[in-house]
Amino acid sequence: MNKMTATAGNSGPGVRSDCEIIVELKGKGGIIIDLASRVKSLYGESIKSLCTEVLHFFNIRNTYLKIDDSGALPFVIAARLEAAIKKLTGSDLEFLPEMISENTYSTVPGRFRFSRLYIPGNTPAMMINAGLHSADGIILDLEDSVSPEKKDEARILVRNALRQVDFRGSERMVRINQGDTGLKDLQAVLPHNVNLILVPKCETSDQLLKVNTEISAIRKKLKLKNLVFLMPIVESALGIENSFEIARAAENIVALAIGLEDFTADLGVSRTNEGKESLYARSRLVIAAKAAGIQPIDSVFPDVSDMEALKQNILISKALGFEGMGCIHPAQIQVVNDGFAPDEAEIEKSGKIVLAYQEARRKGLGVVALGSKMIDAPVVARAQKTIDLAIKLGKLNPDWISEIPAGQS
Amino acid sequence: MAVKIVKNAAGRYVPHEINGQPVIPFKGVGKHHPAGRKYSPPVPACHDYPADGNKVVKSLEEALCKCGLHNGMTISTHHHLRDGDLVSNRIFELASAMGVKDLVWFPSASFPCNEILIKYLEDGTINRIEGSMNGPLGRFVSEGKMKGTAVLRSHGGRVQAIQDGEVKIDIAVIAAPAADSFGNARGTGGPSACGVLGYAKADSMYATRVIVVTDNLVDLPCFPMEIEGNYVDYVVVVDRIGIPEKIVSGTTKITSSPDRLLIAKLTASFLEKSGILKDGVTIQAGAGGTSLAIAVFIHQILKQKGWKSKFGFGGSTKYMVKMLEEGQMGYILDAQAFDLEAVRSVETNPNHVPYPVFNAYNYHSKGNLTSMMDIMILGVTEVDLNFNGNVVTHSDGYLLHGIGGWQNCLHARNVILPLPLFRDRIPVIVDEVTTLCGPGELIDVIITERGIAINPLRKDLIKSLKASNLPLKTIKELKDEAERICGKPQKPQFEKKVVAAVKWVDGTVIDVVRKIAPSHT
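Residue numbers (the working numbering), protein chains in the order written: chain E, 1 to 409; chain G, 1001 to 1521.
Because the hints were derived from the structure by calculation, they are not lab data. No experiment lies behind these values; they were computed from the predicted model shown. Errors might be hidden in some of the hints.
Cut-off 27 angstroms, straight-line C-alpha distance, at most; resulting in silico cross-link-like pairs (DSS-like, lysine-lysine) [stated by the list, open to error]: (1) E:Lys-392 - G:Lys-1466; (2) E:Lys-392 - G:Lys-1265; (3) G:Lys-1488 - E:Lys-40; (4) E:Lys-311 - G:Lys-1322; (5) E:Lys-48 - E:Lys-151; (6) G:Lys-1491 - E:Lys-40; (7) E:Lys-48 - E:Lys-184; (8) E:Lys-48 - G:Lys-1515; (9) G:Lys-1253 - E:Lys-311; (10) G:Lys-1497 - E:Lys-40; (11) E:Lys-48 - G:Lys-1491; (12) E:Lys-395 - G:Lys-1496; (13) E:Lys-395 - G:Lys-1463; (14) E:Lys-395 - G:Lys-1303; (15) G:Lys-1027 - G:Lys-1496; (16) G:Lys-1278 - E:Lys-48; (17) E:Lys-311 - G:Lys-1305; (18) E:Lys-395 - G:Lys-1145; (19) E:Lys-40 - G:Lys-1305; (20) G:Lys-1147 - G:Lys-1466; (21) G:Lys-1273 - E:Lys-392; (22) G:Lys-1303 - G:Lys-1253; (23) E:Lys-48 - E:Lys-66; (24) G:Lys-1496 - E:Lys-40; (25) E:Lys-311 - G:Lys-1303; (26) G:Lys-1476 - E:Lys-40; (27) E:Lys-395 - G:Lys-1497; (28) G:Lys-1322 - E:Lys-40; (29) E:Lys-66 - G:Lys-1491; (30) E:Lys-311 - G:Lys-1145; (31) G:Lys-1488 - E:Lys-395; (32) E:Lys-151 - E:Lys-221; (33) G:Lys-1473 - E:Lys-395; (34) G:Lys-1273 - E:Lys-395; (35) E:Lys-66 - G:Lys-1488.
Some chain E residues near chain G, calculated using beta-carbon distances under 10 angstroms [to be verified]: (36) Leu-42; (37) Ile-333; (38) Val-335; (39) Gly-351.
All C-beta atoms in this analysis are idealised placements derived from N, C-alpha and C, irrespective of residue type, glycine included.
Given these sequences and hints, build the entire structure.
Shown next as structure tokens:
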């Protein structure tokens, strides 16, 4: 047999919770594992036995493995080894770690999607604690944050993370690649309870239909019960022009997002914090989404150190009608969640409007007034929405009306 | 001759004898009652010292010679110059050149800069270190290469050992950022300012001979006299006693890790909801990134509620100074200044007071400060199902850290350990700590990013937080969660040889560290 080697994973200074594995297939000599690890004295034996199990699963009996480990968890080690083996053998077997019971939940179309945290799909250190930060959604990203030569190993890592990392109730999302790579991504991740697929760089509804056809086929073939929602991301002038059609392309589309880095590049303008250059596009996207009855979601805010600027950005975003925003750092999550949730003043004002409306109904009045101001039906409807939202978020007691002292209502 | 091994009150097997001296096995918290009188150094006479008060000699070598440096002596130093210390290593370099052997180094802590001393441990100049071990020194000791047995003590335990004569310091070498010719010295001023000199106070009072080394000779009197010249034999002036940027971190910074920030937030929330944080609260927190973030969150809560902390005990940092200056803290009592802001504050603010561990932590004092603290934020390398803590060895069995003030601080009213549940796959909660440094009965709360465990002994806290929305779990649940994620780690393998003894605050032996088995190295 010819000497064959392949490498997967990452090592080097600054790399944590990952490993680099070099597999060399041999004709004889059995399995030899050369392990360098900062946790060798604590996990050396378990790393070796896991690797042996994976090798046997792929029917490899003679090999020299060189592992440079920086404290990778078992699901990471298994993913790295599988990726390296597949480079050599082309096997289509999958060594699946246990699906933890916490990860089997499904979600509903109308749930909040204020914040969704992007996690690069080939960086395990960022995955492990992603669920701790109360994001509405966690996106394991196979697209822009993964370099082309790492796509295959990231797909395996993301698959294992979907089974092993506790998402703690955050909506389980994956951003797939464009085109055929994206279809390959779907085959790898969908069987592992993905709640929502983000489809990048959408320009036409056909693009989305192709993805959705694949999803339907996979779900049918594997008899998957949980629904899979779609969030197309529009990132170009053509995409904006077609945004309403994109929003209506499939019935499982629950949100429409805008990606401003690519959009401004497409326009040939620079992206600013105030965002005047994308004002029209953002407004147009909001209208398209609302017209289609789905959630409009804003682009990520790139400066992770400036929380004040993020807050200002959210104010504008919310005023335009957006219902959520992407996050590229966990520190942004709470700011985004707080920003899109109704604040105390809004809740109080809405409460007054709803009460005034009920009072007028009770008295049989046709006109609703709050103080000296007349209130129209749409204003009441919006106030009711805010109240419902506040109750859902736990910011208002469901019984709030009965808690108001007599005489104030 | 085999040394007899006994099981101490914590269930740990410890010898009756360390370095040829008899020792007392740990008897339980508060169970040991010392008898007799305190140790006292030889009686000096003032007429043996220059009438003009000028004790300056021309070099450290001359001073050491005049102090009668010879084989087997115990030399003490302090660690206020931290990793920028240029004096400690110089002592042993000189001793080695003079052919002196078998010295005992008794520092208040060692730092990475002391790695060079391995050379003098190998050539026999130094027999052993009685003080903290870390990095390469810890590795050297753990591999059984040090001639004598290391003795690890807390800051307070070090004073205890000095006061009851367990350690008789022959020569104390005190590096001082400012000193006068009589030997009065302080920690502020000059190129090597470190803020305070609290750790050296006991050394100056109890050592047979005392040398003050400074790079900043000031006119007499050097004031305030943290070290009083009446205790000092010789003064040495050198070019530099330290490397300024390594003495204090120019600035301490709160953690930027989102996971650590989460732990800090949870800790502040726990303190608020449990009612531990209140008007008049007394606080001690460290200088680690998570502790600093906790201090910032505590500050916010105090401000919001209009409360004021009566005093904080330092290690001071700019975040504590901010509380003082903005009116949310009455005083800072300070054993060490961690950053330049803290040094500035202790120099200029009368409510920021140097307060030596001699007064704060000392076992032989008539009461001490730590038991008066409401909030004590500490770290740990391992904690076990019985809440026992380990701060000296890594889970792989190697010596990693000194005890510092950790054991002393356990006597506070509420001891809180904010920790990540695992670090690089290594779980922090274990079945049984590798080395026992602090009994679980003194550790109240473990706060991790994945939940909070309250010691079952703290029924009051458990009851008061039952209805809160805090993620309360048992310590077993936390341990199981970590092991489900990381896998169960192997146990480190040790030989029989004892390489270090761990003292409890009262001087009894709470545990020992054994030599790492060779297959493990």
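Against the structure, the hints:
no. : hint                    : in the structure
1   : E:Lys-392 - G:Lys-1466  : 24 angstroms, holds
2   : E:Lys-392 - G:Lys-1265  : 24 angstroms, holds
3   : G:Lys-1488 - E:Lys-40   : 13 angstroms, holds
4   : E:Lys-311 - G:Lys-1322  : 26 angstroms, holds
5   : E:Lys-48 - E:Lys-151    : 26 angstroms, holds
6   : G:Lys-1491 - E:Lys-40   : 11 angstroms, holds
7   : E:Lys-48 - E:Lys-184    : 30 angstroms, violated
8   : E:Lys-48 - G:Lys-1515   : 26 angstroms, holds
9   : G:Lys-1253 - E:Lys-311  : 24 angstroms, holds
10  : G:Lys-1497 - E:Lys-40   : 23 angstroms, holds
11  : E:Lys-48 - G:Lys-1491   : 16 angstroms, holds
12  : E:Lys-395 - G:Lys-1496  : 61 angstroms, violated
13  : E:Lys-395 - G:Lys-1463  : 26 angstroms, holds
14  : E:Lys-395 - G:Lys-1303  : 24 angstroms, holds
15  : G:Lys-1027 - G:Lys-1496 : 23 angstroms, holds
16  : G:Lys-1278 - E:Lys-48   : 52 angstroms, violated
17  : E:Lys-311 - G:Lys-1305  : 25 angstroms, holds
18  : E:Lys-395 - G:Lys-1145  : 62 angstroms, violated
19  : E:Lys-40 - G:Lys-1305   : 49 angstroms, violated
20  : G:Lys-1147 - G:Lys-1466 : 53 angstroms, violated
21  : G:Lys-1273 - E:Lys-392  : 24 angstroms, holds
22  : G:Lys-1303 - G:Lys-1253 : 21 angstroms, holds
23  : E:Lys-48 - E:Lys-66     : 11 angstroms, holds
24  : G:Lys-1496 - E:Lys-40   : 22 angstroms, holds
25  : E:Lys-311 - G:Lys-1303  : 23 angstroms, holds
26  : G:Lys-1476 - E:Lys-40   : 25 angstroms, holds
27  : E:Lys-395 - G:Lys-1497  : 61 angstroms, violated
28  : G:Lys-1322 - E:Lys-40   : 43 angstroms, violated
29  : E:Lys-66 - G:Lys-1491   : 24 angstroms, holds
30  : E:Lys-311 - G:Lys-1145  : 58 angstroms, violated
31  : G:Lys-1488 - E:Lys-395  : 41 angstroms, violated
32  : E:Lys-151 - E:Lys-221   : 25 angstroms, holds
33  : G:Lys-1473 - E:Lys-395  : 25 angstroms, holds
34  : G:Lys-1273 - E:Lys-395  : 18 angstroms, holds
35  : E:Lys-66 - G:Lys-1488   : 23 angstroms, holds
36  : Leu-42                  : 4 angstroms, holds
37  : Ile-333                 : 9 angstroms, holds
38  : Val-335                 : 12 angstroms, violated
39  : Gly-351                 : 24 angstroms, violated
In summary, the structure is inconsistent with hints 7, 12, 16, 18, 19, 20, 27, 28, 30, 31, 38 and 39 from the numbered list given earlier, while agreeing with the others.
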